[in-house]
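**Q** What follows is the residue order along each chain.
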Amino acid sequence: MDSEVAIRLQNVTKRFGDIIANDNVNLLVKKGEILSILGENGSGKTTLMNMLSGIYFPDHGDITVHGKKVTIRSPKDAFALGIGMIHQHFKLIDVLTAAENIILGLPGNESLDMKSIVAEINELVAKYGFDLDPEQKIYDMSVSQKQTVEIVKVLYRGAEILILDEPTAVLTPQETSKLFDVLRNMRKAGKSIIIITHKLNEVMELSDRVTVLRKGQYIGSVETSDASIDLLTEMMVGQKIDLEIDRTEPLPFVGRIEVKNITCRNRDGVAILKDVSFTSSAGEILGIAGIAGSGQKELLEAIAGLQEIESGEILYHSPEGETVTISDMKAADIRDLKISLAFVPEDRLGMGLVGSMDLTDNIMLRSYNEGKHFFANRKNPRKLATRIVEKLSVVTPSVDTPVRKLSGGNVQKILLGREIASSPNVLMVAYPVRGLDINSSYMIYNLLGDQKQKGASVICVGEDLDVLMALCDRIVVLSGGELTGIVDARTISKEAIGLLMTSSKKGGAQHAE
Amino acid sequence: MTILMTFIQKAIGQSISILFGATGEIITEKSGNLNLGIPGIMYMGGIAGLMAAFFYERASAAPIGFIGLLLSFAATLIVSALGGLLFCFLTVTLHANQNVVGLSLTTFGIGFGNFFGGSISKLAGGVGQISVATTASAYRADIPVLSKIPVIGDLLFSYGFLTYLSIIVALVIGRFLMHTRKGLNLRSVGEDPATADAAGINVTRYKYIATTVGAAIAGLGGLYFVMEYLGGTWTNNGFGDRGWLAIALVILALWKPLNAIWGSLLFGSLFILYIYTPGLTRATQELFKMLPYVITIVVLVITSKRDKLENQPPSSLGESYYREDR
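If you read the sequences in order, they're chains A and B.
Sequential numbering from 4 applies to the first sequence in this note's numbering.
Sequential numbering from 62 applies to the second sequence in this note's numbering.
There may be inaccurate statements among the hints.
Claimed, not checked - The calculated DSSO-like cross-link candidates involving lysine-lysine, where the alpha carbons are at most 27 angstroms apart (straight line), are: (1) LYS140(A) <-> LYS71(B); (2) LYS183(B) <-> LYS94(A); (3) LYS243(A) <-> LYS263(A); (4) LYS71(A) <-> LYS118(A); (5) LYS183(B) <-> LYS140(A); (6) LYS243(B) <-> LYS149(A); (7) LYS94(A) <-> LYS350(B); (8) LYS366(B) <-> LYS149(A); (9) LYS263(A) <-> LYS71(A); (10) LYS394(A) <-> LYS382(A); (11) LYS369(B) <-> LYS94(A); (12) LYS350(B) <-> LYS140(A); (13) LYS317(B) <-> LYS118(A); (14) LYS191(A) <-> LYS263(A); (15) LYS382(A) <-> LYS408(A); (16) LYS366(B) <-> LYS118(A); (17) LYS369(B) <-> LYS149(A); (18) LYS79(A) <-> LYS366(B); (19) LYS202(A) <-> LYS94(A); (20) LYS34(A) <-> LYS191(A); (21) LYS94(A) <-> LYS181(A); (22) LYS130(A) <-> LYS140(A); (23) LYS72(A) <-> LYS366(B); (24) LYS140(A) <-> LYS369(B); (25) LYS191(A) <-> LYS181(A).
What the hints assert, rightly or not - From chain B, some residues computed to sit far from chain A (all C-beta separations above 12 angstroms): (26) LYS209; (27) PHE237; (28) GLY299.
Rather than coming from a laboratory, the hints here were simulated on the basis of the structure.
Just so it is clear, the structure is predicted and the values come from calculations on it, not from any experiment.
Glycine included, every Cβ here is placed at the ideal spot set by N, Cα and C.
Please model the entire structure based on the sequences and the hints provided.
**A** Right under this line is the structure:
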């Protein structure tokens, strides 16, 4: 056996009930390399890595670490083998300092000598070029600082193999490049690093090799130097697809939604939007960028009438030329003006659809009080449901299937399809492609593009800056509830947006969702 | 001057039970268990100690105070620890609701105390006839030389050993929580058991040990009341609501045993202030008795302003921990 091999997985299979999450997957990680595991949502990347970190146990197959066949039954076993995983959801205790979180649960001198522990941590921090104050409390930290704590925690426990699950999902471009520098330093020190991701440009930028999974199957591994974005996409999706977003020129500027100096507070009295003003135009896609929890959700909800506004007002200029102040109207009345909001929360079903109702009924939620009869009319909604299913290729046994039985991507298509079908004048979408496969994502981008050409004012909150820059005409940047810039998406650089995302006086979002 | 001196001495006498209870409840709550059974457990601890001393003195022709002390001390620790263990079994192992279990435990504990208190009263020949004079005097023995110093001796060294033990226990628990690894692990269990679990900490074991030890410490508060305060006898419901004051003190002390020491003094003083305030009618007396609770409410109002996360209760307080299905 090659001594350079850190981890080898052979024919690993994992089933959850009838679903095969990993089917005879092979994987090889060398010492001192950065390996990307690429695949769409639901392709089994995280499941595979959870078997290395001791969270799941494989149904069959062999795991070899440093040439020795091993059995990993718990996170403790994984740690003993030098495998550490940094999950997407951080496991940190808010009221403790970084150092306290790092040593949590470790054996050692019963009496805590925080000084020498902090010194040890500082040594690690200096060695790899982290930016971390071990004595800072977690609740005072930004998302990227918390991630740093997680990485240092794993290193402090002596991990030789680090697994990072979608590490850049919550980072700004600047923070991402800082993270990549640190990871390269670790590679130099001989550590093996596995990154789970679906972002192609990061794969190309960072990794030495790429392993692609698709629907639980092992597709293949390539050296990054031999790979191209097109090749990787094809491996990931299984067919050639066009990655260009068809962006048309915006229609001439006609103000549609005018947000004037609005300030909102959350339940705890913390200002979540501070003096935000902008005007969206008909026939454009206006993007909203920002670190998670910077006030994007509240902004859309304020326009939709779902969020109480402390000061400021929101005006709606209808295509007919009337101007209405919608900030003191009820949510239902705002909807009647054809201002619609499609918000895709993290658990997808949380807002907008009722899980136990079927497709038709969910469509009716939007139009149940339109008819004049005492009994609701199910005919038209049913027709519409059928049309959405056909047009957006929703995979469902029938339109009578309860929504919760569908996969996340399909649920999302129905939500968006319903909102678009009402031919809104203002269409607000938040995270419209969250968790969707590439094909469906592009389908949705094109749907938004269609709406724009029809003259709707589309407002889109997104996570992926590359996509926002390719899709939108203008981008509003929020940082800690403040508007830090309105930029032209065609000419701005990603780094410039990144700077705006963090340029608030108070340093961004501390209460990320 | 003498009145002030007596007042301080009496206030300290009131505060020791409350301090034991609060220290026990703090270490319990730090594990995420809200043990509202503490008032009942203090009754149980008190009666257990009294019974051990009572039967020892009855059986022995010439009882030795020190042996009576050891027996009653051990009985208190064991019975009150069993109370904590019962709480843990129901809430940690069976995931029962902590508030319901705690409140029933308090009701049970008070009944337990009064039942056995009544039983041994009968054996002793009637209400108020229980006397464990030998053991009680061992509990009441002050510090030999130092207590003879004028003023200072009366003020600081005229108490039985449980008084000093209560302060030492509070200091030790305070140091344990903040400056040891196990203390750090325990705090993390109370804050976020899932994270602690992921870090390899045995959540169940920490909850069991903290709650049981906490209950044992609280039980000493009952023992103090019976032996040193009452001088070795029992009156039904005599302990009153000192147990609830102990729980209120946990909040006042912001979950820090060090604060509980001065907090207990404050509560002790307020508790008897009405006796030393001249010119009170029966009605105004009741107003004075409210003071400890009023202070607790004021502290709650102030701390709920969320100035600092450190001053908040442990985040998982009162919640059962289920390991996520894997």
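**Q** Determine for every hint whether it applies to the structure shown.
**A** Right, here's what the structure says about each hint:
1. Between LYS140(A) and LYS71(B) the CA atoms are separated by roughly 42 angstroms; this puts the pair beyond 27 angstroms, and the hint is violated.
2. Note on LYS183(B) and LYS94(A): the hinted pairing is violated, with a Cα-Cα distance of about 58 angstroms set against a maximum of 27 angstroms.
3. With a CA separation close to 45 angstroms, the supplied pair LYS243(A) and LYS263(A) exceeds the 27 angstroms bound.
4. With a CA separation close to 38 angstroms, the supplied pair LYS71(A) and LYS118(A) exceeds the 27 angstroms bound.
5. As the CA atoms of LYS183(B) and LYS140(A) are separated by approximately 59 angstroms, the hinted pair breaks the 27 angstroms bound.
6. A threshold of 27 angstroms between alpha carbons decides the hint, and for LYS243(B) with LYS149(A) the separation of about 24 angstroms falls inside it, so the pair holds.
7. Restraint check for LYS94(A) and LYS350(B): not satisfied, since their Cα atoms lie roughly 46 angstroms apart, outside the 27 angstroms limit.
8. For the proposed pair LYS366(B) and LYS149(A), the alpha carbon gap of about 25 angstroms is at most 27 angstroms, so the pair holds.
9. Proposed proximity of LYS263(A) and LYS71(A) is contradicted: the alpha carbons are some 65 angstroms apart, above 27 angstroms.
10. Under the criterion of a C-alpha separation no larger than 27 angstroms, the hint pairing LYS394(A) with LYS382(A) is consistent with the structure, at around 18 angstroms.
11. Restraint check for LYS369(B) and LYS94(A): satisfied, since their Cα atoms lie roughly 21 angstroms apart, inside the 27 angstroms limit.
12. Between LYS350(B) and LYS140(A) the alpha-carbon distance is near 40 angstroms, which puts this suggested pair outside the 27 angstroms criterion.
13. For the given pair, LYS317(B) sits about 22 angstroms from LYS118(A) by alpha-carbon distance, which is consistent with the 27 angstroms threshold.
14. For the hint pairing LYS191(A) with LYS263(A), the CA-to-CA distance comes to about 52 angstroms; that exceeds 27 angstroms, so the pair is violated.
15. This hinted pair checks out: LYS382(A) and LYS408(A) have alpha carbons roughly 23 angstroms apart, not beyond 27 angstroms.
16. For the hint pairing LYS366(B) with LYS118(A), the CA-to-CA distance comes to about 32 angstroms; that exceeds 27 angstroms, so the pair is violated.
17. With a C-alpha separation of about 19 angstroms, the suggested pairing of LYS369(B) with LYS149(A) holds against the 27 angstroms cut-off.
18. Among the hinted pairs, LYS79(A) with LYS366(B) is inconsistent with the structure: their alpha-carbon atoms are about 40 angstroms apart, more than 27 angstroms.
19. Between LYS202(A) and LYS94(A), the direct Cα distance comes to roughly 24 angstroms. Compliance with the 27 angstroms bound is thereby established for this hinted pair.
20. Of the pairs offered as hints, the one joining LYS34(A) and LYS191(A) holds, with about 10 angstroms between alpha carbons and a cut-off of 27 angstroms not exceeded.
21. A hinted pair counts as satisfied when its Cα atoms are at most 27 angstroms apart, and LYS94(A) with LYS181(A) qualifies at roughly 22 angstroms.
22. A distance of roughly 22 angstroms separates the Cα atoms of LYS130(A) and LYS140(A); the hinted pair therefore holds under the 27 angstroms criterion.
23. Between LYS72(A) and LYS366(B) the alpha-carbon distance is near 55 angstroms, which puts this suggested pair outside the 27 angstroms criterion.
24. For the suggested pair LYS140(A) and LYS369(B), the alpha carbons sit about 11 angstroms apart, so the restraint of at most 27 angstroms is met.
25. For a cut-off of 27 angstroms, the pair hint linking LYS191(A) to LYS181(A) stands: about 16 angstroms separates their Cα positions.
26. Once the 12 angstroms rule is applied to beta carbons, LYS209(B) is consistent with being away from chain A; the minimum gap is 38 angstroms.
27. For PHE237(B), the condition that its CB be more than 12 angstroms from all CB atoms of chain A is violated, with the nearest at approximately 10 angstroms.
28. Chain A leaves GLY299(B) outside its interface by the beta-carbon criterion, the shortest separation being 39 angstroms against a cut-off of 12 angstroms.
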